[in-house]
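Chemist: Sequence:
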Amino acid sequence: MAQMIVQPGPPRKSRHSYYLRDEDLTLKCLQCGRGYKVKSSLSKHLRYECGGRKNFTCDLCGRNFTQNISLRRHLMHSHNFYQPPKRQCIRKICK
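Mapping of the sequence shown onto UniProt numbering: residues 1 to 95, in sequence order.
Within a straight-line C-alpha distance of at most 30 angstroms, the following computed BS3-like cross-link-like pairs (lysine-lysine) qualify:
(1) Lys39 to Lys28
(2) Lys86 to Lys54
(3) Lys86 to Lys39
(4) Lys54 to Lys37
(5) Lys86 to Lys44
(6) Lys28 to Lys54
(7) Lys39 to Lys54
(8) Lys54 to Lys44
(9) Lys28 to Lys44
Rather than coming from a laboratory, the hints here were simulated on the basis of the structure.
All chains, please: the whole structure from these sequences, using the hints.
Modeler: Structure follows, in structure tokens:
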């Protein structure tokens with residue numbers, strides 16, 4: 001039997017790279033160089049990812065997270081504990 005040697009192909013691109021070109025990403029993060037098309041996306045990136053403070057702490061093990069969803073995911077997977085999301089007030093009067 002003959003053996004086949006399979007050569008690895010080029011690395012796969014993310015699905016976003018097919019419709020976002022470098023010239024579309026005019027807003028750049030100065031810390032990591034990641035590009036954004038919309039200013040609000042860059043602001044969220046700066047607030048939560050690059051240099052984001054870890055304001056959410058797990059009461060069970062002390063691990064810190066930058067986003068509440070990350071803490072909730074950690075609680076579910078690591079401690080098998082479900083924490084429902086906090087309700088956001090859309091109107092002035094909340095029930």
